[in-house]
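*Asks:* Whole structure, please, built from the sequences with the hints as guidance.
Note that the protein sequences, when read in sequence, are chains A and B. No gaps in the numbering here: position 168 of the first sequence is 168 in my numbering, and each next residue is one more. Plus 189 on top of the position in the second sequence (first one is 1) and you've got my numbering.
Heads up, some of the hints might be wrong.
Distance condition first, Cα-Cα at most 20 angstroms in a straight line; then the derived DMTMM-like pairs of lysine to aspartate or glutamate [unchecked claim]:
(1) A:125 to A:136
(2) A:125 to B:348
(3) A:125 to A:8
(4) A:179 to B:198
(5) A:98 to B:316
(6) A:98 to B:209
These aren't lab readings, by the way, just hints derived from the structure by calculation.
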Amino acid sequence: MLDVAANDEAQRHDDIEAVARLRDREAFGRLFRFYAPRVKAYLRRIGAGDDVAEDLAQEVMASVWHRAAQFDRSKASLSTWVYTIARNKRIDSLRREKRPEHEPFDPDADSAEAPRGDRIVEAEKVRAEVQRAIGELPREQAELLRIFYFDEKTHSVIADELGLPLGTVKSRLRLALSKLRVTLGGLAE
Amino acid sequence: MTDSPALDDLLLAHAAGKLDEPVALLVATHLALNRPSRQRYQRYEAVGGMLLEELEPCEMDASALTATLARVERGPNVNGAIGAARTVHGGRPRRWPAPLCHYVPDSLDELRWQGFGGAAEAEVLPEHHGYRTRLIRVRAGRAVPAHTHEGEELTLVLEGSFRDASGHYRRGDIEIADASIDHQPVADPGQDCICLAVTNAPLRLTGPIGRLLNPFVRI
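*Replies:* This is how it looks when you write it as structure tokens:
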């Protein structure tokens, strides 16, 4: 099961490279079939109607095509990269705000950079770590994490929908986030 | 402050796209200057990627792929994210990191400064959802007059360094101060201290919107 997932991920990395270098439409089609319905689901969850979500999902996928050459697997997994494009599209289109993006600026940003091969290994490690961290969360905490990332709802609306007191929602989410922090960053609470 | 749950909340909320633009600007500029935060932030974005993968897919139109390829033919759309920055400006390195360089000119003379004591402030963004976004300049060795806040204040050090009762802050550090803190920041001698400060107004605090982690987090 895990191996299959890893193979899919490897296939998608090959596909995005083929889109970047060869403008390969078949490879893009495979990426489209995987990502477009998920990006649409993301936008639907945020509150976009079906037409708007469909339109924006197509726009996100068009950005994936145009920016394919900028994807750098030594920095993030493909899903992470697509997520950031979808998130920024949401802020831009649905919230009508700008999204300030950082670029490393500190003196050690370049000099401390590890060789590319090492960074790819590191990026894959991050992916595995994150997958494990999410997998280890109890079901109801994982659901709240999805709500935090994917919903624009206020927490009192979420509490109503889940039929839970507001305080419970807040403390559960805080617990989920701090667990995630500890697993991911080793940051003590 | 470079390692605290409050800072972590901000990184997480930025990765989830929940911060309003003024706070996002401050956090993104912090990320440009702070490598450990960048590494942590990378993981929070990876959480978003993993959750996206696991979402129950939502069916696209039958013609969606064809329509998207037709869109592609029409060329790229201007996208809303800003940050792709020139790091060199007129042959010189830029004074401010991206994304701040898109908001603040290299030369401080181009801003409208209002003085108070050894310090002066200039607006960076017009008031936005109750947020005030300012550059603050404190002369080397001088103090900002003692003050409390009506709301919370995030202060990011851009140049120089300062000290107050809560600690010592250097380039790239964020101080997170709430209304209960009565502080008098003092710039270290030798260099003027320049900070980006984002304050939220009382309106934001008492509004109907519930809040969860940090008052700056959009929920």
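*Asks:* Below or equal to 20 angstroms on CA atoms is what counts here, so check residue 179 of chain A against residue 198 of chain B.
*Replies:* This hinted pair holds, its Cα atoms lying about 13 angstroms apart.
*Asks:* Between residue 98 of chain A and residue 209 of chain B, does the CA-CA distance stay at or below 20 angstroms?
*Replies:* With Cα atoms ~9 angstroms apart, residue 98 of chain A and residue 209 of chain B stay inside 20 angstroms; holds.
*Asks:* Need the status of pair residue 125 of chain A, residue 8 of chain A: alpha-carbon distance at most 20 angstroms?
*Replies:* This hinted pair holds, its Cα atoms lying about 17 angstroms apart.
*Asks:* Between residue 125 of chain A and residue 136 of chain A, is the straight-line Cα distance small enough, at 20 angstroms or below?
*Replies:* Distance ~16 angstroms between residue 125 of chain A and residue 136 of chain A Cα, so the pair holds.
*Asks:* Taking only the CA atoms, is the gap from residue 98 of chain A to residue 316 of chain B under or equal to 20 angstroms?
*Replies:* OK: residue 98 of chain A and residue 316 of chain B at ~15 angstroms, within 20 angstroms.
*Asks:* Within 20 angstroms, alpha carbon to alpha carbon, are residue 125 of chain A and residue 348 of chain B?
*Replies:* Violated: residue 125 of chain A and residue 348 of chain B sit about 35 angstroms apart, past 20 angstroms.
Checked against the numbered hints given earlier, the structure breaks only hint 2 and satisfies all the rest.
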